[in-house]
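Participant: Take a look at the letters that make up each chain.
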Amino acid sequence: MTIEHYFRELQPPAGGFERLKARLAQSEPKREWFPRLAVASFASIAVLVALLWPVLDKVRQERQALAELETIFMEARMPPLMIDGKEPVRLELQRDDVVAFWLEPDSP
Amino acid sequence: MALSAEALEAAYRRLERPVYNYLFRWFWDAGVCEDLIHDAFERLWKKRERIDPDRIDALVWTSVINLARNHHARGKRWRWLPLPASLTGRNNPETETELDLRDRRLRRALDQLPDPSREVLLLELYAGMSRVEIAHTLGVAEGTLASRKHTAIARLRGLLEESES
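In order, the protein sequences belong to chains G and L.
Position 84 of the first sequence, counted from 1, bears residue number 84 in the numbering used here, the numbering being contiguous throughout.
Position 40 of the second sequence, counted from 1, bears residue number 40 in the numbering used here, the numbering being contiguous throughout.
Hints in this document: simulated from the structure, not taken from any laboratory.
Since we're looking at a predicted model, the values are computed, not measured.
A hint or two may mislead.
[To be verified] Quick list of the computed label-pair ranges, beta carbon to beta carbon:
hint, chain 1, residue 1, chain 2, residue 2, range
1, G, Glu32, L, Glu142, 21 to 29 Å
2, G, Gln11, L, Arg131, 37 to 45 Å
3, G, Arg8, L, His150, 53 to 61 Å
4, L, Ser165, G, Glu9, 23 to 31 Å
5, L, Met1, G, Arg23, 57 to 65 Å
6, L, Ser130, G, Glu9, 14 to 22 Å
7, L, Glu142, G, Val47, 22 to 30 Å
8, G, Arg19, L, Ala141, 37 to 45 Å
9, L, Ala141, G, Asp57, 35 to 43 Å
10, L, Glu142, G, Glu9, 46 to 54 Å
11, G, Arg19, L, His136, 45 to 53 Å
12, L, Gly128, G, Arg19, 21 to 29 Å
13, G, Gln11, L, Arg108, 18 to 26 Å
[Claimed, not checked] Residues from chain G that keep clear of chain L, each with C-beta distances beyond 10 Å, as calculated:
hint, residue
14, Tyr6
15, Pro13
16, Gln61
17, Gln94
[Said to hold, decoys possible] Chain L stretches covered by chain G per the calculated footprint, using a threshold of three residues with CB under 8 Å from any CB of chain G:
hint, stretch
18, 2 to 13
19, 33 to 45
Each residue gets a CB set at the ideal place from its N, CA and C atoms; glycine is no exception.
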């Protein structure tokens, strides 16, 4: 028996193209709304980021300024900063750009 | 330049049978074969604005080959166990025709071929493309294709003779 003898020609199920047409017709509406949805989502995200950007940027700037300040105090070759004979335990950059120095309370 | 609905239909009518025969020798299931054929044509239809109608046959075959590879790879990971013959009503020696037997022998033999050899053999049988076109579609050299085909036929012949005896 030759190999070709095993490969008989099969007939696909009838109505294949009609089923394909129905499937394509179903997927077409999705095709139309999908790009609109994608554009709308992208635009919404862009607007949200634009609205939040000033707030986020201010927070970022404050953090950066604080980090710079800390670096200056940590790296400066000068005697430790003393206030009333005490070393501050914490520094804080306040909203009005004033640096607050926190001291240990006096022991009773 | 774009693919029209008429060109799509003509391509479907022309290629459905050879593609179905190609896929059936991978999956042995009419429903799976039709789904994959429809997947391939749907993909092309979605890109219809950029498709050259003169290249539709090669594009359908490329898409079918890729879909078949993916489906076959998934099937290897999720292999379903066949129902016992008593439940399916098939493979009953009394009702089994010679064709069923031949198909089962062929299936067993094809399953033992390496996938690239099986692919080349089935494309040569059903794609109706020249050797150069098949080599181009598979992205292999013509020499590689010829060697794979030669090995596949020799191995398949051996396996079929073994099952006949």
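Participant: Determine for every hint whether it applies to the structure shown.
Facilitator: Hints, verified against the model:
no.	hint	in the structure
1	G:Glu32 to L:Glu142: 21 to 29 Å	violated, 44 Å
2	G:Gln11 to L:Arg131: 37 to 45 Å	violated, 27 Å
3	G:Arg8 to L:His150: 53 to 61 Å	violated, 23 Å
4	L:Ser165 to G:Glu9: 23 to 31 Å	holds, 27 Å
5	L:Met1 to G:Arg23: 57 to 65 Å	violated, 25 Å
6	L:Ser130 to G:Glu9: 14 to 22 Å	holds, 20 Å
7	L:Glu142 to G:Val47: 22 to 30 Å	violated, 57 Å
8	G:Arg19 to L:Ala141: 37 to 45 Å	holds, 39 Å
9	L:Ala141 to G:Asp57: 35 to 43 Å	violated, 58 Å
10	L:Glu142 to G:Glu9: 46 to 54 Å	violated, 27 Å
11	G:Arg19 to L:His136: 45 to 53 Å	violated, 31 Å
12	L:Gly128 to G:Arg19: 21 to 29 Å	holds, 24 Å
13	G:Gln11 to L:Arg108: 18 to 26 Å	holds, 23 Å
14	Tyr6	violated, 4 Å
15	Pro13	violated, 6 Å
16	Gln61	holds, 47 Å
17	Gln94	holds, 59 Å
18	2 to 13	holds (count 3)
19	33 to 45	holds (count 7)
Going down the numbered hints, you'll see the structure goes against 1, 2, 3, 5, 7, 9, 10, 11, 14 and 15, while the others check out.
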